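> Chains as they are written, first to last, in our numbering: chain U, 1 to 333; chain P, 1 to 331.
Hints were generated in silico from the structure; no laboratory data involved.
Predicted model, so just to flag it, every value in this text is computed and none were measured.
Treat each hint with caution, since some may be false.
Here are some of the chain P residues that sit facing chain U, going by a computed Cβ distance under 10 Å [claimed, not checked]:
hint, residue
1, Gly128
2, Val134
3, Leu137
4, Ile138
5, Phe148
6, Ser152
7, Val265
8, Ala266
9, Phe276
10, Glu305
11, Gln310
12, Ile316
13, Ile319
14, Ala325
15, Arg326
We treat Cβ as the ideally placed atom computed from N, Cα and C, and that holds for glycine.
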Amino acid sequence: MSAPAATASLEFRGAAPWRRNLRLHGWTIAVWLVLLAMVPYWRSLSEQNFKFDLQALAIDALPLCFAAMAQAIVVISGGIDLSIGSLMGVINVLAAREMVDMSFRQALAFSLVIIVLTMLASAFTGLLIVLTRIPDIVVTLGMLFVWQGVALWIMEIPGGGVPLEYSDLAIGDFRTSSIPNAALIVFGAWLLIWVPLRWLRPGLSLYAVGSNRSSAYLSGINVARTRVGAYFLAGLFTGLAGLALTASSGIGDPNSGTTYTLNSVAAVVLGGVSLLGGVGGLIGVIAAACVLTLSKIVLLLRGTDPNYANVYQGALIILVVVIGGLLTRKTRS
Amino acid sequence: MTAVPETVDRENRLRAAQRFLVDNPVVVLVGILVLLFVLTDIVNRGETGEPFITWNQLSTTLLVAAPLGMIAAGQTLVMLTGGVDLSVSFTATAAAFAMSWQANNGTVEGIVAGLLVGLGIGLVNGIGVGIFSVNPLIMTLGTSSVTFGLLSIYAGRAFEKVVPDFVATLGSDRFFDYLPANLILWALVAAAIILGLRYTGYGRMLYAVGDNAVAARLAGVRVWQVLVAVYALCGLFSAFGGLLLVGFTNNPDLGLASPYLLQSVAAVVIGGTSIFGGWGSYSGTIVGVLILTVLGSLLTLLNAEEWQRQVIYGGIIIILTAIYARVSGSE
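The shape of chain P in the complex, shown without the other chains (with noise of 0.2 Å):
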C-alpha cells in the first residue's frame, strides 16, 4: 500500500525536475560547458601536456567569443520573433569594411559608418519581413547574397584599410592581464538585452509576437514596427561583432565573419531559445556561445577539418532542435 504515494511521488519529482530544466535551460547548459571544458583540459594535458584549465585560457576563451557574442545577440532576438537572420556575417564584414574605409577621415567616423551599414541593412531586412511579409530566411538570404556582391566590389578597390587604435583595443587588449576590453561592452549589451526583455515594453512584445503573431495583432500590437525594429537592432548588433572582429584580427578581408552565420544560429538553438520563437532567452544564448567557442579549440586541437566542423554544427542544430521540440511538447 505503501508503494502508491512513492511512485507518485517520484513521478512527480521527475516532473517537476523536468519542467525545472525546461524553465531553465542555462542549469544544464552551464553543466555541458564544465564538462566541455574539462575534456579540452584532459585532451590538451594528452597532446601538448599543459592544462587547458588556466586564467589565461579563460579569459582568451572570453576574448574570442565576444564577436560570437554579439552577432548571437542579434540573432537571439530575431528568432525570438520566430524569424532567423543569414545575413549576420556580411552584415558584420560589410560593417568591418565600410569602418576600415572611412576611419580615414576619423575614429568616429569610421565607427559610425560601419554602425550605419549595418542599421541600413538590418533595416532593409525589417522592411521586408515586417512590411511585405517575405519569409525571413528568403529575405535574409537575398541581402546577404546583394551584400556579398557590393563587397566583392569594393574589397577590390584599392583604399587604404585603417584601423583605427581604439578599435584595435576594443577587440585585442585586456585590461589587468585577464580582462578583455571587449567582454565589457558584450557585459553592457548583454545586460541591457537581458534585462530589456524581462522589463520593457518592446521586450514582452517580441516574446508575443513570436508565440503567436495574428494574437498579438489583435492585442494592439503592430506587429510589423516590432518586426522592423528588431531586424535592424540584429543589423546594428551584427555590425558591432563585426567591428570587434577587426579589432581583433587587425585585417579587413572578405571571408572575415564567415563561420560566425552557423555558429550564431547554433549557439541561440543550443541557448534553448525556440526556433518557433516566442520562448528563451539571451543568458541561455551566451552560454551556447561559450559551449561554442570551447567546442572550437576542443576540435583545433583534435586537428579537425573545416567540412568535419560544418558537419557537427549543422548536426547539432537538428539534433538539438528536435530534442527541445520533444521535451517542451511532453509537457
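Next comes chain U alone, as it looks inside the complex (with noise of 0.2 Å):
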C-alpha cells in the first residue's frame, strides 16, 4: 500500500521521473549537445584527419579540464578559488625543473609527490580559510599572488623540460589507437575519484555544506572539515591541471597559468555548476571546458589573429558568466 501511496503524492507535486531527471540534468545534457554541435563546424574547417585533430584538441583541453574540475568542486562547497592557475604555474616550473634530467619512471613517481605537495598546498589556503574566516575570494586572491611569487622564486625564464614518455602522456595515443590518452586520463580521473566521492558521505556533505552552510552544520555536518576537505580534493585536480600543463607544453614557464583562473570560472558556470554553490556536477563541467577549448580552435582555423582569439574568447568568457548570472538569479527568484 504505501508504495504506490508514495508514487501518487511525487505525481501530484508534479515531478515525473523523466522531467525531475530532465531539470536535474538539462544544462549538462546541452552542454554535451553544443560540443557535439561544434564538431560538425570544427571539422568543415579543417583539412587535417580528424585522430590529428581530436590529438590538438585534447592537448589543448586536458589542462583547462582539470583545472575547471578543480574550480568545480571548490565552488560547489560554496567557495571559489582564484589561485587554481598560479598555483598551476608553480606546479609547472617546479616540474619543467626537476623532470628535465629524469627518466620516465622517476618523472612519474616526482608527479605523484608533486600532487601530494599541491593537495597540501590548497589544503592549506582552506584551513587559512576556515581559521580566519575571511571569504575565500580574498585568500585566495592573497594566495594567487604569493604562489605567483613562489613561480618566479623557482624560474624566472621559460625553461626545463620533462621526458619524451611523459609527454606522450598527455599529447599520444593509447597504444595503438586512435583515442587520445588525454581524453582517457580526464575521464579515468573523473570515474575513479569523483563518482564514488559524490555518492559518499564527503561528496554528499560537499553539496550539503554548499547549499547551506547553516543547514548543514544543523545536521550534524562537520562544516569546517567539508570546506579544507573541498580544497584538498581540489589540491588533486590542480595538481593533475599543471602535470598536464607541463607534459603537454614540454617547458617551464613561471606566468604559463595565468589564463587558467578566469577560464576555469568560465567553464563552471557554463558547465552548470551555480557560482552560488551546492548544485551541478563534473561532467558537465568537463564538456564546458571542451567547448571553450574548440571555440577557440574555430577562431584560428577561421585564420583570426591569435590575439583576438583572446580578446573574443574573453568576450565570450564574460557573455556566459552574464548569462548564467542571469539565469540562475530568475531560478532563484
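Join these two chains into a complex; the hints should help.
Structure below.
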C-alpha cells in the first residue's frame, strides 16, 4: 500500500521522474549537445585528418579540464579559488625544472610527490579560510599573488623540460588505437575519484555545505572539515592540471598558468555549476572546458589573429558568466 | 576592595583605546609609516652612508606615490561597496596608450581620449556588476583580459607614441624644488573624495550599499545605479593614474601599470577599508599608499627580487584582512 501512495504523492507534486531528471541534468545534456554540434563545423574548417585534430583538441583541453574540475569542487562547496591558475604555474615550473634530467619512471614518481604537495598547499589555503573566517575570494586572491611569487622564485625565465614518454601521456594515443591518452586520463580521473566520492559521505556533505552552510551544520556535518576537504580534493585536480600543462607544453614558464583562473571559472559556470554553490557536477564541466577550448581552435582555424582570439574568448567568457548569472537569478526568484 | 574598580577602570580604558584605534586606524598607520621611514633611513645609512630622511627623498616618495594614490582612490570606492576591481592596472595602461596615440592630434584630445577609455572600461564593469549581478572579481578579471588582448594588438602597431609636455610636466616635474606637480592633482582628488564620501548623498549611499545591499535597496536606494557609477569612477581614476604614470616614465609600454593592481588592493586593505564593504575611508588608503611606497624603497635598498615583493604583498593582504576582521569582530 505504501509504495503506490508514495508514487501518487510524487505525481501529485507534478514531478514525473523523467522531468525531474531533465531539470537536474538538462544543462549538462545541453552542454554536451553544444559540444557535439560544434564538431561538424570544426571538421569542415580543418584540413587535417580526424585523429590529428582530436589530438590537438586533447592537448589544449586537458589542463583546462582538470583546472575546471578543481574549480568546480570548490565552487560546489560554496567557495571560489582564484589561486588555481598561479598554483598551476608553480607546479609547471617545479616539474619542468626537476624532470628535465629524469627518466620516465622517475618522472612518474615525482608527479605523485607533486600531486601530494599540491593537495597540501591547497588544503593550507582552505585551512586559512576556515581559521581566519575571511571569505574565500580574499584569501585565494592573496594566495594568487603568493604562488605567482613562488613560481618566479623557482624559475625566472622559461626553461626546463620533461621526458618524451611523459609528454606522450598527454599528447599521445592509447597504444595503437586512435583514442587520445588525454581523454582516457580525464574520464579515468572523473570515474575513479569523483564518481565514488560524490555518492559517499564526503561528496554528500560537500553538496550540503555548498547549498546551505547552517542547515548542513544543524544536520551534523562538520562544515569546517568539509570546506578544507574540498580544497584538499581540488588540490588533487589542480596538481593534475599543472602536470598536464607541463606534459603538453614540455617546458616550464612561471606565467603559463595565468589564464586558467578565469577560464576555469567560465568553464564551471558554462558547465552548469552555480557560483552560489551546491548545484552541478563535474561531467558538464568537462564538456564546457572542451567547448571553450574548441571555440578558440575554431577562431584560429578561421584565420583570426591569435591576439584577437584571446579577446573574443575573454568576451565570450564574460557573456557566459552574465547569462549564467541571469539564469540563476531567475531560478532563485 | 579598591582593586576591583581599578581593574574595571583599566579594562574600560583598554576597551576605549581599542575602540579609538578601530575607529581611527589612520593614527596607527601613521605610526607605522614613521617607523618604516626611520627603518629605511637606518638601512640606507648602513648601505650607502647617506640619510634617507631628507626633503628631497620625502618629495620623491610623494612623487612616486601619486599614481598609486590615484589608482587606489578608485579601488577604495569600489571596495567600500564590497567589490574589487582587478582591471585597474590594464585600464591605466590602456588610458596611457590611448593618450599617447591621440596626442598626435593635440594635448587636449590625447588626455580626453585617455580618460574616455578609462571611463568606458569602468562603465562595462559597472554594467556587468550592477545590472547583470556578475561577481565583481570575475567581471573585472574578464574585462582586464579583454583589455590586455586589445592592448597587445594595438601596441604592436606602429604609431608615434607622443607624451605631451603638459602630461610629462604633470607626471614628473616639481615646483619650488620640492613640490611634485602630480601631488597637486592628487590632493584635489583626495579632498573631493574624502569630503564627497562624508557629505554627499552618493557618498553615504556607497557605505549603505557596501554594508547591506538588500537593506539599501529596501530603503529606496537604486543599488544598480550606485554600482554602475562607482565602477565608472574607478575606471576614470585609474585612467588619471595611468596618465600620471606615463608622464613619469615618458614611455608607454604594456607593463606600465602592472605592479599597481596588487599594490592598489594592498593599499586599500592596509588603510583599514573593509574588504567586505561598508567600512573605511580614503584617508586610510592614502597612508597605505605611502607605507607601500616607502616599503618599496626599502625592498629596493635590500635588493629584494620581484618574487619576494609578490609574496610580501600577497601575505600583507591576507594577514591584515584577518587582523581587521578579528579586531572589528570582537567589538
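> Provide an ascending list of the numbers of those earlier hints which the structure does not satisfy.
none
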